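Enquirer: Quick mapping for you: the protein sequence lines, in order, are chains A and B. Letter by letter, the first sequence follows residues 1224 to 1345 in this note's numbering. Letter by letter, the second sequence follows residues 10 to 182 in this note's numbering.
Just so you know, these hints were derived from the structure itself, not from any lab. Careful, some of the hints might be misleading.
To be verified - Pulled a few chain A residues facing chain B out of the computed Cβ check, cut under 10 Å:
(1) Asp-1232
(2) Asp-1233
(3) Phe-1237
(4) Thr-1251
(5) Glu-1254
(6) Ala-1323
Being a predicted model, the structure only gives us computed values, none of them experimental. Even glycine gets a Cβ: it sits at the ideal position worked out from N, Cα and C.
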Amino acid sequence: MSKTVMVIDDSGSFRTVVKLALQKAGYTVMEAGDGKEALAKLDGSVKVNLIVCDVNMPNMDGLSFLKQVKTQAAYKFVPVIMLTTESQEAKKAEGRAAGAKAWITKPFQPSQLVDAVNKLCV
Amino acid sequence: MSASAPEPLTTDNAAAPQAAVLLADGTVVIAQAVLPVWGRQLDVIHARLNEGVGELTQALVHIHELSEHIARLPLQPADEQLPALQALGPQLQHHVEHALSGLQLGDRLSQMLTVVRGDIQRLIDHMPLLGDAGLQHAEEWLEELRSRYTTPEQHEVHGGSAPPHDAHGIDYF
């Protein structure tokens, strides 16, 4: 059974790029357009093995999502990769403190993302 | 982040008579400080757009060449074609990945344009209040603009430096 990755990004085309790369590597992909939608989908009954999350999004940004999802028992230990144009050290430090496992700065190579997912996916 | 289509810029004085208007001194001070920064932001957006279009074009040309190459393969039984087709697979994959990577440009440019557009609206909104704004106010204005940047090149060109090479990579925590 393939592992499931949730991809959270408000750019539909960007989610498609990530989804194609991960599906090709054998992962099942779930999508959400922002942190709020992702939290609604992650209701405790849904199993995900890893989350890939943008930072700057409407409704709920990626760092707020990260802090909230880490309070849920079902997802507390699910690794989260932040995938974003943000490269400021302060933002990275905030992500690290909130529990992110990796920070990938866009633009990225699909193979680079797949390597990181393979490494961190539980 | 990708921005949806923005609302048109709004002005409170849209119905004002079309006559020469003297800008208050404070407005001129802020404009003198912020217009060069907007200009540099637009220059780097322009440069990134050209780079991205070039990258996408190059990838698509390579994909087109490969498809033509496949079309020219001699007619042979499928099993005899297999080695040649398998050899083309990695090349095709490489160029498709390159094209997909280039498509990320849209998201990046959208964020950068959203920041400039937001600051233009901010200036329009604040113009009536800028009568006695001075250099200190201009510096505060630019700091607030800087706080909205999301990409390294926005920060770099803010103060007039050359845009950096892409600083992409992975940090593991």
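Enquirer: Each hint: holds or not?
Expert: The hints, checked one at a time:
no.	hint	result
1	Asp-1232	holds (8 Å)
2	Asp-1233	holds (5 Å)
3	Phe-1237	holds (5 Å)
4	Thr-1251	violated (20 Å)
5	Glu-1254	violated (14 Å)
6	Ala-1323	holds (6 Å)
The structure is inconsistent with the numbered hints 4 and 5, although it conforms to all the rest.
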